[in-house]
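Make a model of the complete structure from these sequences and hints.
First to last, the protein sequences are chains A and B. Position one of the first sequence corresponds to residue 1 (my numbering), numbered consecutively onward. Position one of the second sequence corresponds to residue 277 (my numbering), numbered consecutively onward.
Since the hints were made in silico from the structure, they are not lab data.
A few chain A residues that face chain B, going by a derived Cβ cut-off under 7 angstroms, partial list only:
hint: 1; residue: Thr74
hint: 2; residue: Arg76
hint: 3; residue: Pro98
hint: 4; residue: Ala102
hint: 5; residue: Asn103
hint: 6; residue: Leu108
hint: 7; residue: Val114
hint: 8; residue: Ile116
hint: 9; residue: Pro117
hint: 10; residue: Gly118
hint: 11; residue: Val119
hint: 12; residue: Thr127
hint: 13; residue: Ala128
hint: 14; residue: Ala131
hint: 15; residue: Lys132
Ideal Cβ positions, reconstructed from N, Cα and C, are used throughout, including at glycine.
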Amino acid sequence: MNILNELYEFTADFAICHITQKETEMLLNIKNLHVAIDGKEIIKGLNLGVNKGEVHAIMGPNGTGKSTLAAAITGREGYEITEGEIWYKGINIVEMDPDARANEGIFLSFQYPVEIPGVSMTNFMRTAINAKREYLNQAPISAGDFLKLMEEKKNLVEIHSKLTNRSVNEGFSGGEKKRNEIFQMAMLEPTLAILDETDSGLDIDALKVVAKGVNTLRSEDNAFVIITHYQRLLDYIVPDFVHVLYDGKIVKTGGKNLALELEAKGYEWIKENQLV
Amino acid sequence: MEVNNSNTILDEVTQGEYKYGFYTDIETEMAPKGLTEDTIRFISEKKQEPEWMLEFRLKAFRHWQQLQEPEWAHIHYPKIDYQDIIYYAAPKKKKELASLDEVDPELLDTFNKLGISLDEQKRLSGVAVDAVIDSVSVKTTFQDTLAKHGIVFCAFSEAVREHPELVQKYMGSVVPYTDNYFAALNSAVFSDGSFCFIPKGVRCPLELSTYFRINAANTGQFERTLIVAEEGSYVSYMEGCTAPMRDENQLHAAIVEIVALDHAEVKYSTVQNWYPGDKEGKGGVYNFVTKRGLCKGKHSKIAWTQVETGSSITWKYPSCILMGDHSIGEFYSVAVTNNYQQADTGTKMIHIGKNTRSTIISKGISAGRSNNSYRGLVKILNGATNARNFSQCDSLLLGDKCGAHTFPYIETRNESSIVEHEATTSKISEDQLFYCNQRGIDTEKAIGLIVNGYAKEVLNKLPMEFAVEAQKLLSITLEGSVG
Numbered sequence: 001m002n003i004l005n006e007l008y009e010f011t012a013d014f015a016i017c018h019i020t021q022k023e024t025e026m027l028l029n030i031k032n033l034h035v036a037i038d039g040k041e042i043i044k045g046l047n048l049g050v051n052k053g054e055v056h057a058i059m060g061p062n063g064t065g066k067s068t069l070a071a072a073i074t075g076r077e078g079y080e081i082t083e084g085e086i087w088y089k090g091i092n093i094v095e096m097d098p099d100a101r102a103n104e105g106i107f108l109s110f111q112y113p114v115e116i117p118g119v120s121m122t123n124f125m126r127t128a129i130n131a132k133r134e135y136l137n138q139a140p141i142s143a144g145d146f147l148k149l150m151e152e153k154k155n156l157v158e159i160h161s162k163l164t165n166r167s168v169n170e171g172f173s174g175g176e177k178k179r180n181e182i183f184q185m186a187m188l189e190p191t192l193a194i195l196d197e198t199d200s201g202l203d204i205d206a207l208k209v210v211a212k213g214v215n216t217l218r219s220e221d222n223a224f225v226i227i228t229h230y231q232r233l234l235d236y237i238v239p240d241f242v243h244v245l246y247d248g249k250i251v252k253t254g255g256k257n258l259a260l261e262l263e264a265k266g267y268e269w270i271k272e273n274q275l276v
Numbered sequence: 277m278e279v280n281n282s283n284t285i286l287d288e289v290t291q292g293e294y295k296y297g298f299y300t301d302i303e304t305e306m307a308p309k310g311l312t313e314d315t316i317r318f319i320s321e322k323k324q325e326p327e328w329m330l331e332f333r334l335k336a337f338r339h340w341q342q343l344q345e346p347e348w349a350h351i352h353y354p355k356i357d358y359q360d361i362i363y364y365a366a367p368k369k370k371k372e373l374a375s376l377d378e379v380d381p382e383l384l385d386t387f388n389k390l391g392i393s394l395d396e397q398k399r400l401s402g403v404a405v406d407a408v409i410d411s412v413s414v415k416t417t418f419q420d421t422l423a424k425h426g427i428v429f430c431a432f433s434e435a436v437r438e439h440p441e442l443v444q445k446y447m448g449s450v451v452p453y454t455d456n457y458f459a460a461l462n463s464a465v466f467s468d469g470s471f472c473f474i475p476k477g478v479r480c481p482l483e484l485s486t487y488f489r490i491n492a493a494n495t496g497q498f499e500r501t502l503i504v505a506e507e508g509s510y511v512s513y514m515e516g517c518t519a520p521m522r523d524e525n526q527l528h529a530a531i532v533e534i535v536a537l538d539h540a541e542v543k544y545s546t547v548q549n550w551y552p553g554d555k556e557g558k559g560g561v562y563n564f565v566t567k568r569g570l571c572k573g574k575h576s577k578i579a580w581t582q583v584e585t586g587s588s589i590t591w592k593y594p595s596c597i598l599m600g601d602h603s604i605g606e607f608y609s610v611a612v613t614n615n616y617q618q619a620d621t622g623t624k625m626i627h628i629g630k631n632t633r634s635t636i637i638s639k640g641i642s643a644g645r646s647n648n649s650y651r652g653l654v655k656i657l658n659g660a661t662n663a664r665n666f667s668q669c670d671s672l673l674l675g676d677k678c679g680a681h682t683f684p685y686i687e688t689r690n691e692s693s694i695v696e697h698e699a700t701t702s703k704i705s706e707d708q709l710f711y712c713n714q715r716g717i718d719t720e721k722a723i724g725l726i727v728n729g730y731a732k733e734v735l736n737k738l739p740m741e742f743a744v745e746a747q748k749l750l751s752i753t754l755e756g757s758v759g
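Encoded structure:
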């Protein structure tokens, strides 16, 4: 390990240590999380702290629990939290319904977005936005404001008008589906956005569009957790922290160069380190 | 977050209370309980009918006495005691009404609860409403506008008096009283209904609309509708139904007949949300309806669109007899059943003429412990050269205690015909629900959204005024409605 890496390690450790001290102010604070599916433990004591304004990348080989983590944070049924806590905006959200979590500002860009036949994107988005407004005791959005918002966000993610006229994800190509996820993210303006393998199956142009969307939305008031298998996306969305998830735990945390190192050395390197 | 939880949500979502369970206290004039020739004479006399009408009723009654109640449908219910039913109930007439102001305020209130303020309809929507409360047509609007075009749109009983030649010519020509058990019963005791006549070459400028409503306790409603579209005419007709909440089952056996002559087109749309019974399956309307259209002329077209969300039992097959060459029959249906509701519904497309075409799109949605059956017949007769049919029957299941069944019958006797049938059965997936949840949409709203999307193809066929109501109804039926 060279000096630079050690320095990154140190910075990261320092950062984690630092945020631990003011936990209550953290946007997301996951403590000793254990998650099981059908009784089989997938996440085995995971800790993660995310502050507003930060971008965290979670990397790791297949089957180590990356998507399970996303599902647990968003409250998907069938993902049983057997131990630990998920603090979000100072509330332990483990018992909170998934729609309430969404309305509190947690957004998941799905790895495999589902099709909903017969429901237009426009109708879907309007329902979602009004659900959030209802949750926040606000009046429904007017038709005019809604259309204006749609136009604005469509330009942001370079999505074609005809896509939003179609049914939700129905007949969309892989790239269109992922772009549509970013479009929805732009529409809903989440505080915490989790991107689950958004880069998989994307060509370089689509990847740039997705990255541009994220970079435009990135601000001091929100945070991103980017789950990815490859370093490629991180060339365009530069993370503040990179975590390596292995066998249900975060085994290594570093700065953006950790991703490069992983890319160069492969995950075998992590496995070997684990054994040491 | 276990599976149990989702079932609980689904239960809650699918067990909405009936929202139209109010009862209007209007003095009613009733026939004595039971069914004899005397009952029929009573009805006929009450309605001051001509002799030929009484004769028709009596013939139908005598025929009905020979018949057995059909048992082939996939529905189960205790035997109906036909002698325990009141066959005629009319709101007591005070005097002839000249304007809406004179209508019983309670009656108007009922309309308002149903969301069909006549005033508003009159002013805003340009819809002529012939409202039927327990058998007697109370108020008909827009008569003048229609009269200018020579269109007749009135209560059936009025047509019997004012247009006897038309009624005699067409009544029973599509659904003869010998047709089936319930058609015979209706022909004997029908109380009122609507009559619509569109003369040659006239395109009806309004959507015609009838709201039926069963009101008094223990009264069956037996309305009868006859629509005649002459050569080259067009009409879009809407029928909507609600019934107040009652413990006893109410029998409803209606007949709708449509005749379309050369190049005529009739669109008939129904939104039916009669009381479906409570969550335990107690009460609710028994709906045994015979609806049939005759494409008598060449290039004529009849399209049925129905959204069936109510009744504890639905037995209904709006059909088309494609007699004229190049005639077209269409059937678009959404049937929702919840709790203990049972629906056996579909269509019959009888191809007689050459180059006749039919389309069937049926979307069944079952929830709770309900049973939902599609039953359809496509029959191509010898002479129906180049007949075409396309059928699509989809079933959507919510939960794991309901049933969806498809009974398609295809008979073809002409080798040049092409008949296609597609069927799918699906469930609302956990993935779809979670996707919606993750966007902040709760499960109840999500089901509404998904179901409306699923039924969109059919809902799109409804006139605008109805489409919105139908969407809400789907949501209400499955939430506190399935939406």
